[in-house]
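With these hints in hand, go ahead and build the complete structure from the sequences.
If you read the sequences in order, they're chains Y and X. When you line the first sequence up against UniProt numbering, it's residues 1 to 211, in that order. When you line the second sequence up against UniProt numbering, it's residues 1 to 211, in that order.
None of these hints come from the bench; they were simulated from the model. The structure displayed is predicted, hence computed values, not measured ones. There's no promise every hint is true.
What the hints assert, rightly or not - Below, a sample of chain X positions facing chain Y; criterion: calculated Cβ distance under 10 Å:
(1) Ala52
(2) Glu57
(3) Glu58
(4) Asp143
(5) Phe147
(6) Leu150
(7) Met157
(8) Pro161
(9) Asn168
(10) Phe169
(11) Phe178
(12) Leu180
(13) Arg184
(14) Leu187
By construction, the Cβ of each residue, glycine as well, lies at the ideal position given by its N, Cα and C atoms.
2 protein chains.
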Amino acid sequence: MCLVKERILKSALNLFWRYGIKSVTMDDIARDLGISKRTIYQHFSDKEAILAQVIEEEITSQKCEMQKLDEIAANPIEQIIYASGQMRDTLANMNPTLLYDLKKYYPKAWELFQTYKKEHLIKNIQDNLTEGIKQGFYRPDIDVEIFSLLRIEQTVMAFDPTIFPVRNFNMMHIQMQFLLHFLRGILSEKGFEYYNTIKDKSAIEINIHEK
Amino acid sequence: MCLVKERILKSALNLFWRYGIKSVTMDDIARDLGISKRTIYQHFSDKEAILAQVIEEEITSQKCEMQKLDEIAANPIEQIIYASGQMRDTLANMNPTLLYDLKKYYPKAWELFQTYKKEHLIKNIQDNLTEGIKQGFYRPDIDVEIFSLLRIEQTVMAFDPTIFPVRNFNMMHIQMQFLLHFLRGILSEKGFEYYNTIKDKSAIEINIHEK
Numbered sequence: 001m002c003l004v005k006e007r008i009l010k011s012a013l014n015l016f017w018r019y020g021i022k023s024v025t026m027d028d029i030a031r032d033l034g035i036s037k038r039t040i041y042q043h044f045s046d047k048e049a050i051l052a053q054v055i056e057e058e059i060t061s062q063k064c065e066m067q068k069l070d071e072i073a074a075n076p077i078e079q080i081i082y083a084s085g086q087m088r089d090t091l092a093n094m095n096p097t098l099l100y101d102l103k104k105y106y107p108k109a110w111e112l113f114q115t116y117k118k119e120h121l122i123k124n125i126q127d128n129l130t131e132g133i134k135q136g137f138y139r140p141d142i143d144v145e146i147f148s149l150l151r152i153e154q155t156v157m158a159f160d161p162t163i164f165p166v167r168n169f170n171m172m173h174i175q176m177q178f179l180l181h182f183l184r185g186i187l188s189e190k191g192f193e194y195y196n197t198i199k200d201k202s203a204i205e206i207n208i209h210e211k
Numbered sequence: 001m002c003l004v005k006e007r008i009l010k011s012a013l014n015l016f017w018r019y020g021i022k023s024v025t026m027d028d029i030a031r032d033l034g035i036s037k038r039t040i041y042q043h044f045s046d047k048e049a050i051l052a053q054v055i056e057e058e059i060t061s062q063k064c065e066m067q068k069l070d071e072i073a074a075n076p077i078e079q080i081i082y083a084s085g086q087m088r089d090t091l092a093n094m095n096p097t098l099l100y101d102l103k104k105y106y107p108k109a110w111e112l113f114q115t116y117k118k119e120h121l122i123k124n125i126q127d128n129l130t131e132g133i134k135q136g137f138y139r140p141d142i143d144v145e146i147f148s149l150l151r152i153e154q155t156v157m158a159f160d161p162t163i164f165p166v167r168n169f170n171m172m173h174i175q176m177q178f179l180l181h182f183l184r185g186i187l188s189e190k191g192f193e194y195y196n197t198i199k200d201k202s203a204i205e206i207n208i209h210e211k
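Rendered as structure tokens:
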């Protein structure tokens, strides 16, 4: 990819992340880069075109991160704990309106995220659950399909300002509470014993105690 | 309330429960009762008027049931276990499209349910959580406000056919999995020990093992 295009995507990602999508204009991106709007239009037809590519690249990079974590995790519980660390990094400085903006105003870009959710995220959680049950860390009576959907939808729920108004709740705190609760709810006795030996390394616990 | 009016409400509740709201007509209610549509219109201006009153009565009766359970429950965990039994009864034979029908096609009636959710259900869960923490059955680090919202919203989520298509999932099974998971996720060690001594009485466990 040419350098200018890459810089535009990087600037847009950064601005969307901090201010949400709706409030960022092509002028803002041009100003941020110190280039003319005309230069931006040479590469992208409009803000939605930038947004689509920003999301595609973000998805690719998240997939990559998740794969790395899965490789270094010794077992499914560690995998979730590492994922909580990744989530912590992703959410830091993220404007909490981002996902809702996407759903409400940018249906095409939202679709990209939905496809990623269905084809990748849910599968990743299902694999974690199946493996955790197999290794005896999770309860054998949890329904993998139902809990993979619960996990993903509660992550999305935390972004919904009609349920968790931005001014009253801290997004990171909600997500960490959800993740820790989700994990504890699926653990078997063996899983609990193991979790208690490693929880001090966990970003979930760290976050909750920091609050 | 006069007898005819009561019979109309009872018939409508029964039909809505079994077939959802959208597909039930004034003709169906008249036919079910063996009375003329004219008689129904003497008491209710339209189906929405019947629906509103059906919901109000259902809410009153649920409040009453919840209060009874709260009185006989020895502690917050028993309260949740009894509530699972009540939920089991309520969901038996309930058309899973009911709640979504309400949200999509009957916004005024949906508002009644929303108000009940905000003013009564959430408070009831908050009280349970606060008391459970106080008595040492639940973890002290759970955020009562966040988890009362999670609990109520995951109950609603189970009714969402865009997440859990009716043909692929059994509503009761989802709800019992959610409830058991929610409870396990909030328990302290003391809570777990106690829960293990009484779980065989629990409708949640019974349902999961029956599946």
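Outcome of the hint check:
1. Ala52: violated, 23 Å
2. Glu57: violated, 27 Å
3. Glu58: Violated - the Cβ of Glu58(X) stays beyond 10 Å from chain Y, reaching only about 23 Å at its closest.
4. Asp143: Status holds, d = 5 Å.
5. Phe147: holds, 7 Å
6. Leu150: Holds, about 7 Å.
7. Met157: holds, 6 Å
8. Pro161: Given a least distance of 12 Å, the restraint on Pro161(X) is violated.
9. Asn168: With Cβ-Cβ at 8 Å, under 10 Å, it holds.
10. Phe169: Interface hint status for Phe169(X): holds (7 Å vs cutoff 10 Å).
11. Phe178: holds, 7 Å
12. Leu180: Where the cut-off is 10 Å and the nearest Cβ of chain Y is about 8 Å from Leu180(X), the hint holds.
13. Arg184: holds, 5 Å
14. Leu187: holds, 8 Å
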